[in-house]
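Trainee: Those sequence lines, one after another, are chains A and B. Going by our numbering, the letters in the first sequence line up with residues 987 to 1283, in that order. Going by our numbering, the letters in the second sequence line up with residues 139 to 425, in that order.
So the derived label-pair ranges between C-beta atoms look like this:
#: 1; chain 1: B; residue 1: Thr386; chain 2: A; residue 2: His1190; range: 55 to 63 Å
#: 2; chain 1: A; residue 1: Ile1012; chain 2: B; residue 2: Val369; range: 27 to 35 Å
#: 3; chain 1: B; residue 1: Gln143; chain 2: A; residue 2: Glu1175; range: 26 to 34 Å
Below, simulated DSS-like cross-link-like pairs (lysine-lysine); rule was C-alpha separation at most 27 Å, straight line:
#: 4; chain 1: A; residue 1: Lys1140; chain 2: B; residue 2: Lys188
#: 5; chain 1: A; residue 1: Lys1026; chain 2: A; residue 2: Lys1050
#: 6; chain 1: A; residue 1: Lys1178; chain 2: A; residue 2: Lys1082
#: 7; chain 1: A; residue 1: Lys1082; chain 2: B; residue 2: Lys149
Simulated from the structure, these hints should not be mistaken for lab results. For each residue, glycine too, the CB sits at the ideal point set by N, CA and C.
Spelled out, the chains give:
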Amino acid sequence: MTRRRLPEWFVLLLPAIVVIAAVVLIPLVFSLYSSFTPYKLTRPATLWKWVGTYNYEKILSDGKFWAAFGRTVLFLTIVLNLELLLGLGIALMMNKVTWGQRSLRTILMFPMMFSPILVGFQFKFIFNDNIGLVNNVLQSMGYNAALPWLVDGKLAMFSIIFAEVWMSTPVFAILILAGLFAMPRDPLEAAKVDGCTPIQTFRHITLPFLMPFIYIAMTIRSLDVARAYDIVQIMTGGGPARRTELLWTLMSRTGYVDSRMGLANAMGYVSIILSILFTIYFFRKLSAARAQIGMAG
Amino acid sequence: MDRNQTYRNRKRALNAVHFVALFITMAIICIPGLWIVLNSFRPTVEIMAKPPVWTPSFTLEHYRNMFGGAGEGGVPVFSYFRNSLIVSVVSTTIAILIGMSGGYAFARYRFPGKAGYFVGLMLFRAVPGVALSLPLFIVFARVGIIDTHFGLILAYVAMNVPFTIWLTDGFFRQIPKELHEAAEIDGCTRWQAFWRVEFPVARSGVASAAIFAFLTSWNEFALASQLTRSVGSKTMPVGLLDFTAEFTINWGGMCALAVLMIIPALVLTFLVQKHLIAGLTFGGVKG
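If we strip away everything but chain A, and leave its shape as in the complex, we get (with noise of 0.2 Å):
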């Protein structure tokens, strides 16, 4: 009997494959499942009735659930639109400076290391109403009445939004600062002897080298778009009265505090699917940016 051998690249990708498989391929099998049964954890023989696409029924035609969704998107564009722009400003301005570089690097480097849940306990100690830092300065200025940071609605979203942009726009920064360093001197003096303004440089030269840095750290962002669950879920819990309530909250309250757990993972699917979504348009830049620098050199 001879048996078959298999190919080498495929022993080396196993274990990869069967880890991924057995953690998270069965449990999103098994959610998927569940998502068309009206399952309870309180009530385990809910698993085996069959209701069909009730739950997306469900959640498609509630106004909670849409409302929670378009927060998301918007979250999602408006953070990380100006994650892009903020992190595009910051490595220009570091790539001017000519002494104490590295440390200002450093020092850039610091809220990647903080976890995302530190984050959202440190925000909401900054932006507590009563003894946070913001509204203690504010005080100290004169300003008498205290900001209702986290109890506010649009106050509030602010506030997330500040948190999640403080925590990731350095990624943004690093990688694009690494990108100018990387950039050829050649074409920026050929430009500046033919006589282009800076911001003609900037915008024909610089950010077209940019754009595959860019992508990566768009791409590296996007696997990650639901961190923001931890920080939101520690500021405000979605609430006031679900003015910040995202996607990611409501999941995980319809699952673990209502325990309708079909519904939730219902829901679960559609954030699945936001997420992978958000991965493949970057991933699909990322490729198109490499295949332009591929025939610049």
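Following the hints, position chain B against chain A.
Mentor: For chain B alone, coordinates are given in the frame of chain A:
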């Protein structure tokens, strides 16, 4: 002459703007973290004081309470620290071994559907922790590994493998193929060629991938908060919640635990910051 003067003035003004902007940026980055460190040394009365007290006074009260494990804010910090350490170290080690072999496969072999495999693996990383925690909670409860180190380690390994593959793939790709070919001509097996020649070259890169994985496990909250319940398996991010009561939060104690959490992360990140950036960009650009 006049034009020279205005030009010089404008340049000086631009420099000043640049300096101020940079200073403000750095301040915004630093102050929240420093505020936490500062407050871990302030007595609770002072943290809660209204109107605010700006002259700092120094106390080790929160650290003493935390490590004493008794009294108000008595949180079993040592157990949490130990759990975090065990879970992070073991899951990192396993994830690196698995990820390295996967990354090597992507960097060195050509096979059908390679790009598909790669993106497929990455997509599993994109599954939000909260969404995964629901079914994982149910499955782990069925299998009976909920609230154990083993369950959490398993989850973190699966979480870290895709990203480790991305990073190590980038590093192995940088090593010229000729190196292991030469070693094989000299009589090494493929395995020896890898272990004796390629691994030492890529070692720093692998180390930074390891630290990235370590930090992910060390800081993770969404999964840990559901998969761990008792003192025997709770990790530090989950332990932070112990300082919150229904309506009050023990800010001083929380800041002290936060400092304890940041220190290892800080040290590790300083060690590898250079390789980390190189790994991420090479993995992406040359993929």
